[in-house]
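Make a model of the complete structure from these sequences and hints.
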Amino acid sequence: MDLTFASITDIAEAVQSKKVSAKEVTEHFAKRIDSLDEKLNSFTTRNDQALKDAEALDARIAKGEHVGPLAGVPFGIKEMFCTKGLKTTAGSKILENFIPPYDATVVARLKAAGIVVMGKLNQDEFAMGSSNETSFHGPTKNPWKLDCVPGGSSGGSAAAQAARLVAGTLGTDTGGSIRQPASFCGIVGVKPTYGRVSRYGIIAYASSLDQAGPMVSSVKDAALTMEVISGFDSFDSTTTQRSVPAWSKNLKADMKGMKIGLMKEYMTGGLHADVQKTVENAVDSLKKMGAEIVEVSVPMSEFAVPVYYLIAASEASSNLARYDGVKYGHRAEFKNLSAVELETFYGKTRGEGFGKEVKRRIMLGTYCLSSGYYDAYYNKAGQVRRLIMNEYLEAFKKCDVILSPVTTAPAFKIGERISDPLTMYLNDIFTTSTNLAGLPGMSVPFGLSQENLPIGIQLTASHFEEQKMLDVAFALEGASPVKGKNPHVI
Amino acid sequence: MSYRGYEAVIGIEIHVQLSTQSKIFSADSTSFEAGDNENTSPISVGMPGSLPVVNKKAVEYSIKTGLALGCDIRRKSVFARKNYFYPDLPKGYQISQYDQPLCENGSVTFKVDGVEKTVSITRAHMEEDAGKSNHHGDYTLINYNRAGIPLLEVVSGPDIRSPAEAAEYARTIRQIVRYLDVCDGNLEEGSLRCDCNVSVRKKGDPNFGTKVEIKNINSFRFVEKAIEFEIERQIDAVERGDKIIQETRLWDPDKNRTFSMRTKEDAQDYRYFPDPDLLPLTVSDAMIEQYRRELPELPIARAKRFQEEHALPEYDATVLTTEKDLADFYEETAKEANNFKASSNWVMTEILRELKEANKSIKDSPIRPKQLGQMIAMIDKGAISGKIAKTVFQEMWQTGKEPAVIVKEKGLVQISDPSAIEKIVEEVLAANGKNVEEYRSGKKAVFGFFVGAVMKASKGQANPELVNKILQEKLK
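The listed protein sequences derive, respectively, from chains U and X.
For the first sequence, full-length UniProt numbering gives the first residue as 1, with consecutive numbering after it.
For the second sequence, full-length UniProt numbering gives the first residue as 1, with consecutive numbering after it.
I should point out that these hints are in silico values taken from the structure, not numbers from a laboratory.
Treat the hints with care, since some could be wrong.
Said to hold, decoys possible - The calculated SDA-like cross-link candidates involving lysine to any residue, where the alpha carbons are at most 25 Å apart (straight line), are: (1) X:Lys381 with X:Ala420; (2) U:Lys87 with X:Pro42; (3) U:Lys87 with X:Pro87; (4) U:Lys359 with X:Pro274; (5) U:Lys335 with X:Asp88; (6) U:Lys327 with X:Ala130; (7) U:Lys348 with X:Pro87; (8) U:Lys380 with X:Gln94; (9) X:Lys82 with U:Arg360; (10) U:Lys359 with X:Gln268; (11) U:Lys356 with X:Asp269; (12) U:Lys348 with X:Lys82; (13) X:Lys132 with U:Gly325; (14) U:Lys327 with X:Phe85; (15) U:Lys359 with X:Lys82; (16) X:Lys132 with U:Gly347.
Said to hold, decoys possible - Just a few of them, taken from the derived set where beta-carbon distance is under 10 Å, the chain U residues facing chain X: (17) Thr88; (18) Ala90; (19) Phe98; (20) Tyr102; (21) Arg199; (22) Tyr200; (23) Gly201; (24) Ile202; (25) Ile203; (26) Ile311; (27) Ser314; (28) Ser317; (29) Arg322; (30) Thr366; (31) Cys368.
For glycine and all other residues, C-beta sits at the position ideal for the given N, C-alpha and C.
Here you go:
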């Protein structure tokens, strides 16, 4: 079996039925990481225990134990997830040497399902960025074109998955951080409904928007991984009590009776021609497969980007206050300068520990929450957020799934936008409203630009309607003109 | 209360530490005895990725307190983040309640110098405590055991007018939370902390003066003293024509004065906003009804009942209801004895005196209420005299034995057999012929001597009534 391109299901079945050992699988992918990651910079920390973990798994299988639906599947974990004993820096100097004493709930669930953790994956600092350039560990490269960004903030996960350094990865999505890099790197990325997946142990960026999800190579792999990580967690009050459907078993590509909504606001110019073409191709395909196309409108989505930045920055300014150099992480050197005032201690520690983009958002958020500005900014943003959600709910009365581009253009060049934060922020124009409304969304590859860069299609469904979204993605995947195409770097 | 034509306006915030087994947002223990930082987990030290989950018991205790204070309970209250930096605040924010607290609009009534006083409760909201900084010269150590301890902050209206009212208000709140068994009320261990807001104004002035906050006062006596000092200080300042500065002050018990900690100029902007990690706290009608049913009878109602149903004087009723355990002790005693006033007397005088001497609380009394009640019943039945009862009581206190056992073992049974007493009386009269003559010749005062002699001869066991009666007859 060709392990490199094998699906998660195939690997797990092969390992469970002893056609291949977890150790062999682990060695195979470890070699790929060894030889290829120098070019990509997708890994930040390797798991030295991976081989031992695989052997332990093999031993259990030898004893006839059932080891879960992801037995022996090599995974890479975004740095936002706490992993017991494995460095977790969130791409920031301020957590440079932080080794969590516990696993995030999703990581614990994946481990219980049998994955082998290969290591931690690069990301924008505290998930603030759309290009992976704000990482303390340096930028990750797009495996399709090494001078391009892989997207962000889950760029390390997208690049590692696209280059097949692992069989599956985990990302987090606050404003598009799974979908945009998935689109830029030509993989499948899913952001589940808010509350579907536990946030416990995931380093918080913006608590009311963050959600973890799989970044993998196929829709079925995504559905399977979602089944493992989803569900109520007594450690996260915001998780839902709803049961987790068997998405992977229920996948169906039959589009008859499916209503696909095309959002008016997305189609009004400004789109890169190749993106435009990809969206049109996807719509045509779905039509051919029997889907009905309807026009829907979410006029308030015009304000999604500013609302997103106000809310995300506000929550982040509070969430990141704990990084003060007192209990863990980076502390400024005070040998030659005594911290007479506490403010000096915090100022120097945080001044050194945080990067430029993180500081920018902390300041923006602090300002928004300040007395006298709260009503005009944070509170108002919350009101618009509710309006956006209501409009979505109206739209979903007319359709099952909304189809749109993920981004205005394919991956851009490293360094091209880093000095222009506003242009960078507008990159999230199609993805942020999904998070504001708490809806599930995903990206599925459907095109290649003339420069041979992947282009994804975004699908959004109503709350807890992941199955519909995955079904449409499954149908598109089957009809995809880029099926089987892989980045030249591998 | 009048101060040179001025009036004090006082409001008090009391932080009530809820006596739950685990912290407000984590499963960490709340035990006071734990070693430094022993009661911590990733959640209570605010490690990256950790999330709060609200403790149901803390909610229950808060609602019960709110109900006991006559508050409206919000069906949907909201936890907010109060953002500020301090090393003992692990997350850089404290989870508290801000514009939508759990309990609102209550009141509490108590008596000061015999006069009834009602103070409104503006709100009572849930929050987590911070850790504790221990300063050692040029370095500071932090103990996070307190971080995440559940607190209910009870905020009074500006209705208090004197230091005595303030102290009595605080005592009443303590009494209530102890009755509810939601807080041990231990001020030394910080289970109850008082912040007092004090301002003064010319009597009759409808406007408030500038208020000063006195923080973290850890005894009711100091509450009284600190406010007394502050009122005088503020009146002096006003009379001098100085402006009162809005500030936070601390009480120095050694120097008997308050001193400035920080002024409003360095006041924080806390940037409150709803905590996105916690959904709004929803409370159902059924929950409230259940907690209401579970509320114990509160001190004021109980004192009233003791006066009405037990016919106790107000003084007795008040003393006996200061603490729930004491009131329970009295009621159990009275039930066994079937005598309210006698039970009240024994509990208030003997039991409380012994406890005070031994520095024990009512829970530690070696005499159980049932035993005391049995002893009182024995007096009423004439089985023992009041005098013997004192001996029995002492023996019970020392040994914890049943009164009947003590009476039997020590042969303390009262002699109520008239023929036995007659015999002793005859002996006494025979041995004191001279006194008998004196009595018969009109010196009636000698009667007391005979009583004493008979009691002595019977080792105090003779029924005094019978002794009297028989003596009267024999001396005729």
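Practice task
Assess, step by step, whether the Cα of U:Lys348 is no farther than 25 Å from the Cα of X:Lys82, and give holds or violated.
Solution key: Answer holds: U:Lys348 to X:Lys82 is near 23 Å, not above 25 Å.
Practice task
Could you check if U:Cys368 really has its C-beta closer than 10 Å to a C-beta on chain X?
Solution key: Constraint on U:Cys368 satisfied, holds at 9 Å.
Problem - Distance restraint between U:Lys327 and X:Phe85, which requires alpha-carbon spacing of 25 Å or less - result: Within the cut-off at roughly 13 Å; holds.
Handout entry: 25 Å Cα cutoff - pair U:Lys359, X:Pro274
Key = Holds - the C-alpha atoms of X:Pro274 and U:Lys359 are around 22 Å apart, at most 25 Å.
Problem - U:Tyr200 as an interface hint toward chain X, with CB separation required under 10 Å - result: holds (5 Å)
Problem - Satisfaction of hint between X:Pro42 and U:Lys87, Cα-Cα up to 25 Å - result: holds (16 Å)
Handout entry: When the least beta-carbon distance from U:Ile203 to chain X is tested against 10 Å, hint result
Key = OK, holds: U:Ile203 within 10 Å of chain X, min 4 Å.
Practice task
Would you settle whether the hint for U:Ala90 is holds or violated, based on the nearest Cβ-Cβ distance to chain X being less than 10 Å?
Solution key: Holds. Min distance 7 Å.
Practice task
Mind checking the alpha carbons of X:Lys132 and U:Gly347 for me, to see if they're no more than 25 Å apart?
Solution key: Satisfied, since the Cα-Cα distance of roughly 22 Å is no more than 25 Å.
Practice task
Under 10 Å, Cβ to Cβ, is where U:Ser314 needs to be relative to chain X, so tell me if that hint holds or is violated.
Solution key: holds (7 Å)
Exercise for the section: Would you check the hint for X:Lys82 and U:Arg360, treating anything up to 25 Å between C-alpha atoms as holding? Expected result: Given that 25 Å is the threshold and the Cα spacing comes to 21 Å, the pair holds.
Exercise for the section: Assess, step by step, whether the Cα of U:Lys348 is no farther than 25 Å from the Cα of X:Pro87, and give holds or violated. Expected result: holds (15 Å)
When the structure is compared with the earlier hints, no violation turns up for any of them.
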